[in-house]
Amino acid sequence: MSTPYSPTVMDHFSNPRNVGELPDANAVGEVGNPKCGDIMKMYLKIEDDVISDVRFQTFGCGAAIATSSIATEMIRGKKIDEALQLTNRAVVEALEGLPPIKLHCSVLAEQAVKSAISDYYRRQGIDPVPIVGALDDECDDHCSCGA
Amino acid sequence: MEQKIIYADNAATTPVSPSVLEKMLPFFSQSYGNPSSMYSIARDNKEAVEHARAQIASAINADPNEIYFTAGGSESDNWAIKGIAQTQSARGKKHLITTNFEHHAVLHTMEELEKAGFEVTYLPVNEDGLVTAEQVAAALRPETALVSIMYANNEIGTIQPIAEIGELCRQKGVMFHTDAVQAVGAIPIDVKAEKIDLLSMSSHKFNGPKGVGALYIRKGIRPARLIHGGGQERGQRAGTENVPGIVGMGQALENAIETMESKTAHLLEIRDYVVEAIEREIPRVRLNGHRTQRLPGNVNVSFQACEGESLLLFLDMAGICASSGSACTSGSLDPSHVLLAIGLPHELAHGSIRLTFGGQNTLEEARHICEELKKIVAEVRRRSPLWNEEKGA
Numbered sequence: 001m002s003t004p005y006s007p008t009v010m011d012h013f014s015n016p017r018n019v020g021e022l023p024d025a026n027a028v029g030e031v032g033n034p035k036c037g038d039i040m041k042m043y044l045k046i047e048d049d050v051i052s053d054v055r056f057q058t059f060g061c062g063a064a065i066a067t068s069s070i071a072t073e074m075i076r077g078k079k080i081d082e083a084l085q086l087t088n089r090a091v092v093e094a095l096e097g098l099p100p101i102k103l104h105c106s107v108l109a110e111q112a113v114k115s116a117i118s119d120y121y122r123r124q125g126i127d128p129v130p131i132v133g134a135l136d137d138e139c140d141d142h143c144s145c146g147a
Numbered sequence: 001m002e003q004k005i006i007y008a009d010n011a012a013t014t015p016v017s018p019s020v021l022e023k024m025l026p027f028f029s030q031s032y033g034n035p036s037s038m039y040s041i042a043r044d045n046k047e048a049v050e051h052a053r054a055q056i057a058s059a060i061n062a063d064p065n066e067i068y069f070t071a072g073g074s075e076s077d078n079w080a081i082k083g084i085a086q087t088q089s090a091r092g093k094k095h096l097i098t099t100n101f102e103h104h105a106v107l108h109t110m111e112e113l114e115k116a117g118f119e120v121t122y123l124p125v126n127e128d129g130l131v132t133a134e135q136v137a138a139a140l141r142p143e144t145a146l147v148s149i150m151y152a153n154n155e156i157g158t159i160q161p162i163a164e165i166g167e168l169c170r171q172k173g174v175m176f177h178t179d180a181v182q183a184v185g186a187i188p189i190d191v192k193a194e195k196i197d198l199l200s201m202s203s204h205k206f207n208g209p210k211g212v213g214a215l216y217i218r219k220g221i222r223p224a225r226l227i228h229g230g231g232q233e234r235g236q237r238a239g240t241e242n243v244p245g246i247v248g249m250g251q252a253l254e255n256a257i258e259t260m261e262s263k264t265a266h267l268l269e270i271r272d273y274v275v276e277a278i279e280r281e282i283p284r285v286r287l288n289g290h291r292t293q294r295l296p297g298n299v300n301v302s303f304q305a306c307e308g309e310s311l312l313l314f315l316d317m318a319g320i321c322a323s324s325g326s327a328c329t330s331g332s333l334d335p336s337h338v339l340l341a342i343g344l345p346h347e348l349a350h351g352s353i354r355l356t357f358g359g360q361n362t363l364e365e366a367r368h369i370c371e372e373l374k375k376i377v378a379e380v381r382r383r384s385p386l387w388n389e390e391k392g393a
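If you read the protein sequences in the order shown, they are chains A and B.
Everything in the first sequence is counted per my numbering, starting at 1 for the first residue and increasing by one.
Everything in the second sequence is counted per my numbering, starting at 1 for the first residue and increasing by one.
Heads up, a few of these hints could be off.
Unchecked claim - A short list of chain A residues far from chain B (calculated; beta carbon distances all over 10 Å):
1) Met10
2) Glu30
3) Pro34
4) Gly62
5) Glu73
6) Gly77
7) Arg122
What the hints assert, rightly or not - Straight-line distance between alpha carbons at most 30 Å, and here's what the computed DSS-like set of lysine-lysine pairs gives:
8) B:Lys115 / A:Lys35
9) A:Lys35 / B:Lys192
10) B:Lys374 / B:Lys263
No lab work stands behind these hints: they were computed from the structure.
As the structure is a prediction and not an experimental result, all values here were calculated from the model.
Ideal Cβ placement from N, Cα and C applies to all residues, glycine included.
Hey, can you work out the whole structure from these sequences and the hints?
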């Protein structure tokens, strides 16, 4: 392969954690688009401000699968405000690095978490923008960071 | 236990066959003379180069003095296109015709010429990946310098109507070049009957060594030189001859021509088995490229809701070497220009796999690949948010 991945990336690619849908999710976010080849969908179950369960589905490359998988582990059991602190840099560090052209996948993982939390607030009639911030989930924006 | 590797990426490159390697070996450290020198070990090398030239000429029904050795397919394409563009532009001809799904060695050369003031018509291919002589005829202008259309496509394997395009160009007095890198040694080629003026080939695609290729230039045609220097290749391409490479290329092509009939039958059996098995066993797949008018060893399929790099990573874990038109494997953000050219939506272009078989592959290997693919596609789809929508659709 022309893209050398770290053992941690390959571990999360081969055995992704928390794959699938979450029927009783009360927060769902989706970022990316098929044009650029990455779509991440994040399902959260939030109880008393804590993320009690999480699942993901990703259409994308090895790095996209690995960043979504590790992101679910990093936010599971966390409070919303802790999950909102998740940065793409932390995702990359936890994976022991990503090839430069794949960095946008870590941004996508961060955005997927924020997109799901925004959905949680919207379902309660709360404007998520002051809490979560504006989301750049368009392909052109996240693709341009790594390539 | 070491995992057995199944190599199904023969359009990328092929292994040097043992008989070819054996022919090459003496020319590294025993018969190492420079063919331009006067002493005997040099003269022997000159003869070896000329023997290889004759082997290659005979393979495409050319004359030996119409074959010029180069460093590979990309150099041959660059020389043919830039060389003809230069000589023809001196006569006021600054228009070039090609297709939108050529190899980048042609496309990027054309783009460079556009920067230099040439005008290029990129003919669209149809959904099967084919272009017609009628399309070429409609694009011809009095100032057309060159038509360059690939013989067979490197990704989807489709074979173009080269003889019809050659006939048209000869009638209209326009130069015709074809990038035949994927076709030479794989299917019969006759440059005289097909009225080809220039033809590019590359040794490592037919079990020869890397770093050597050739350009066929029809007698009487003189493209401007690309590599200036010494008087090698009758003054048209400078540089000390890559003698071991040239010897290997000649032998490899002779072998390919000798075994073409049986190898084609073998590859067709594998190809048709794989296409049939994938279409039968895996739902929502699309064969890319014309079903029959394609290279005997080429399979290119897209799996809905799958991304190609994920498929390749799993195939690699299973010991299977293949390639993909996914952006993630190309080092760019766009998926294969070939798959977009035949009208695939982006997600299907991202979800493509190319399997290209060679003489060393077996039907048993093909069966194994299909079994693995079935499991791999199911796993990749289990992870994909697009597949849920697929099921609901």
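Quick rundown of the hints versus the structure:
Taking the minimum C-beta to C-beta distance to chain B, about 8 Å, the non-interface status of Met10 of chain A is violated against the 10 Å cut. The Cβ of Glu30 of chain A does not lie farther than 10 Å from every Cβ of chain B; its closest approach is about 7 Å, which violates its non-interface assignment. The non-interface label for Pro34 of chain A is inconsistent with chain B: the shortest C-beta to C-beta separation is roughly 4 Å, within 10 Å. A Cβ of chain B approaches the Cβ of Gly62 of chain A within 10 Å, the least distance being about 5 Å, so the stated non-interface status is violated.
Residue-level check passed: Glu73 of chain A sits 16 Å from the nearest beta carbon of chain B, beyond 10 Å. Separation of Gly77 of chain A from chain B is adequate, the least Cβ-Cβ distance of about 22 Å exceeding the 10 Å criterion. Every beta carbon of chain B lies more than 10 Å from that of Arg122 of chain A, the smallest distance being close to 19 Å; the non-interface claim holds. Only pairs whose Cα atoms come within 30 Å are accepted, and Lys115 of chain B paired with Lys35 of chain A is accepted, the gap being roughly 29 Å.
Proximity of Lys35 of chain A to Lys192 of chain B is assessed by CA-CA distance (about 44 Å); at most 30 Å being required, the pair is judged violated. Annotation: proposed proximity of Lys374 of chain B to Lys263 of chain B holds, straight-line Cα distance about 27 Å (limit 30 Å).
Hint check: violations occur at hints 1, 2, 3, 4, 9; the rest are consistent with the structure.
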